[in-house]
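S.K.: Residue numbers (this note's numbering), protein chains in the order written: chain A, 2 to 291; chain B, 2 to 291.
Be careful, since some hints might not be right.
It does not matter which identical chain is meant; a pair holds if it fits inside one copy or across any two.
[Unchecked claim] With a Cα cut of at most 16 Å, we get these calculated EDC-like pairs of lysine to aspartate or glutamate:
1. Lys34 - Glu104
2. Lys80 - Glu49
3. Lys136 - Asp97
4. Lys80 - Glu104
5. Lys34 - Glu254
6. Lys192 - Glu230
7. Lys113 - Glu137
8. Lys113 - Asp78
Just so you know, these hints were derived from the structure itself, not from any lab.
Number of protein chains: 2
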Amino acid sequence: MKKIVFSLPGNEALANYIVDSIQADRGVSEFRKFPDGETYVRILSSVEEKDVIVVCTLHQPDAKLLPLLFLCSLLRDLKVRSICLVAPYLAYMRQDKQFNPGEAITSEYFAKLLSSNVDRLVTVDPHLHRRVSMKEIYSIPCEVLHADRLISKWVKKNIPNALLIGPDSESEQWVSEVAKNAGVPFIILQKIRNGDRNVEVSVPQVEEYKNYTPVLVDDIISTARTMIETVVLLNKAGMKPPVCIGVHAVFAENAYEDLIRSGVSKVVTCNTVLHESNAIDIGEIIIPHL
Amino acid sequence: MKKIVFSLPGNEALANYIVDSIQADRGVSEFRKFPDGETYVRILSSVEEKDVIVVCTLHQPDAKLLPLLFLCSLLRDLKVRSICLVAPYLAYMRQDKQFNPGEAITSEYFAKLLSSNVDRLVTVDPHLHRRVSMKEIYSIPCEVLHADRLISKWVKKNIPNALLIGPDSESEQWVSEVAKNAGVPFIILQKIRNGDRNVEVSVPQVEEYKNYTPVLVDDIISTARTMIETVVLLNKAGMKPPVCIGVHAVFAENAYEDLIRSGVSKVVTCNTVLHESNAIDIGEIIIPHL
Numbered sequence: 002m003k004k005i006v007f008s009l010p011g012n013e014a015l016a017n018y019i020v021d022s023i024q025a026d027r028g029v030s031e032f033r034k035f036p037d038g039e040t041y042v043r044i045l046s047s048v049e050e051k052d053v054i055v056v057c058t059l060h061q062p063d064a065k066l067l068p069l070l071f072l073c074s075l076l077r078d079l080k081v082r083s084i085c086l087v088a089p090y091l092a093y094m095r096q097d098k099q100f101n102p103g104e105a106i107t108s109e110y111f112a113k114l115l116s117s118n119v120d121r122l123v124t125v126d127p128h129l130h131r132r133v134s135m136k137e138i139y140s141i142p143c144e145v146l147h148a149d150r151l152i153s154k155w156v157k158k159n160i161p162n163a164l165l166i167g168p169d170s171e172s173e174q175w176v177s178e179v180a181k182n183a184g185v186p187f188i189i190l191q192k193i194r195n196g197d198r199n200v201e202v203s204v205p206q207v208e209e210y211k212n213y214t215p216v217l218v219d220d221i222i223s224t225a226r227t228m229i230e231t232v233v234l235l236n237k238a239g240m241k242p243p244v245c246i247g248v249h250a251v252f253a254e255n256a257y258e259d260l261i262r263s264g265v266s267k268v269v270t271c272n273t274v275l276h277e278s279n280a281i282d283i284g285e286i287i288i289p290h291l
Numbered sequence: 002m003k004k005i006v007f008s009l010p011g012n013e014a015l016a017n018y019i020v021d022s023i024q025a026d027r028g029v030s031e032f033r034k035f036p037d038g039e040t041y042v043r044i045l046s047s048v049e050e051k052d053v054i055v056v057c058t059l060h061q062p063d064a065k066l067l068p069l070l071f072l073c074s075l076l077r078d079l080k081v082r083s084i085c086l087v088a089p090y091l092a093y094m095r096q097d098k099q100f101n102p103g104e105a106i107t108s109e110y111f112a113k114l115l116s117s118n119v120d121r122l123v124t125v126d127p128h129l130h131r132r133v134s135m136k137e138i139y140s141i142p143c144e145v146l147h148a149d150r151l152i153s154k155w156v157k158k159n160i161p162n163a164l165l166i167g168p169d170s171e172s173e174q175w176v177s178e179v180a181k182n183a184g185v186p187f188i189i190l191q192k193i194r195n196g197d198r199n200v201e202v203s204v205p206q207v208e209e210y211k212n213y214t215p216v217l218v219d220d221i222i223s224t225a226r227t228m229i230e231t232v233v234l235l236n237k238a239g240m241k242p243p244v245c246i247g248v249h250a251v252f253a254e255n256a257y258e259d260l261i262r263s264g265v266s267k268v269v270t271c272n273t274v275l276h277e278s279n280a281i282d283i284g285e286i287i288i289p290h291l
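Only chain A is shown next, with the shape it has when bound in the complex:
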């Protein structure tokens, strides 16, 4: 039997791409807000015994969770065979331990809510900071996909004479991988800490790279503070205005505007979170896993 694909509001483009790519049916549903802020959900397609794909990216997650849980409960009441959640951006991955006593480990609580409402999760570059695997948090099977090869391809095609820049030693593995696949050089900036507040960042071999276009890459661009600091530093060192690439265009408050104004030549993101900076389509890496 054909799979059937539903989307939460705002996820229609990826849902339609999936439908076309795997020859699935498009699930018809209705989501409305009542004037008092309550959510109305209705499914108009026949779903009994079907394998269902639900597309819902999860940035700004608090107001999105309840409609998603309602849809999943309804699908189960309508006797679907399975639910696979495609969440290109997965929220609540950062607070994964108690930094201070009494803190909620929200990554576990959020994972528990999702795990009890869907059967499988497909996501792109979740922020696995202190955890090695999604299995430590999620009790359902998770497919973790990576955007690095798409980013390499984009850099190779669009940025002549690119130089990949890692903002710190933590980023080395990821940046070196993107650089290797793009066939371009990379450097890692070095932080020199002089006391608590005084951090100097040095650009190695700056003279050698004056004619290159620096490319900064990060997984999530949220406040963009680190990226903006690096842009300012590269400008000061006399490098060309850098291209900034992020997987997830979370962009809190004015982060995007601030980054644009900081002296970049361009800001580019993957479309895991819909944003005007989206230029790298993650659709193709999802399809093989559905």
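Starting from the known structure of chain A, fit chain B onto it as the hints suggest.
M.R.: Below, chain B without anything else, positioned relative to chain A:
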């Protein structure tokens, strides 16, 4: 051991009133939003083996639920003995059946989420429309409190020569009860349906009541459409500008402003939902049930 009272942001006044009234401890917690919209929760008080009261009214519920569930999960991880949720306004009571095939019965899904995260629920005048008892929806013990006696007392004290008005026959039981306890007369408006769109409403014995102050009472004022129509009708019939009383000041969008401008003398609500129209304090009816 003393009970301990926590509040979600915006519920501090009722939480403090409960602490003072039942000599409980005030739970200290921290709620923050990260720039990316995720919620941070921390409990700073000792809660092990304690009976906990959590105060969280639930209008505009979607964005409130996740922080509430996080708090409850954290309390349970910290080994509390029990959690009693005080939600003066309870959301998701309207969609309690499938009006059309494929509709989510959100009142059941919402109830299931709350029931699995708290041990007991205390609420005021939930909108039990087609249901007789909360037991049909909630699997945990629920205390359903009523604001009618507080409203009667307020009318008796503040409105000389009051005439209670029920907008339709459905409201008769409730309005007659409020009127009886206030020691004032009441009338029920009569709807005369002439075809689908033409509904006339008649005011019985209008001449007899020209010197009374009409008082309209309803449980939830959300869009306020029915109340505004009734106000316009009473004005046309030559009655004095009415006083409008609601239990729950939900007030969707511009409903409050529209109601104020419709020709009322005053709009008064209970403080189950914080709003500038609050004048009737529901604290005293909650205390005996904690």
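S.K.: For each hint, tell me whether it holds in the structure or not.
M.R.: We went through each hint and held it up to the structure:
no. : hint            : result
1   : Lys34 - Glu104  : between (32 Å within a copy, 14 Å between copies)
2   : Lys80 - Glu49   : within (5 Å within a copy, 41 Å between copies)
3   : Lys136 - Asp97  : within (13 Å within a copy, 37 Å between copies)
4   : Lys80 - Glu104  : between (38 Å within a copy, 14 Å between copies)
5   : Lys34 - Glu254  : between (24 Å within a copy, 12 Å between copies)
6   : Lys192 - Glu230 : within (12 Å within a copy, 68 Å between copies)
7   : Lys113 - Glu137 : within (11 Å within a copy, 26 Å between copies)
8   : Lys113 - Asp78  : between (20 Å within a copy, 13 Å between copies)
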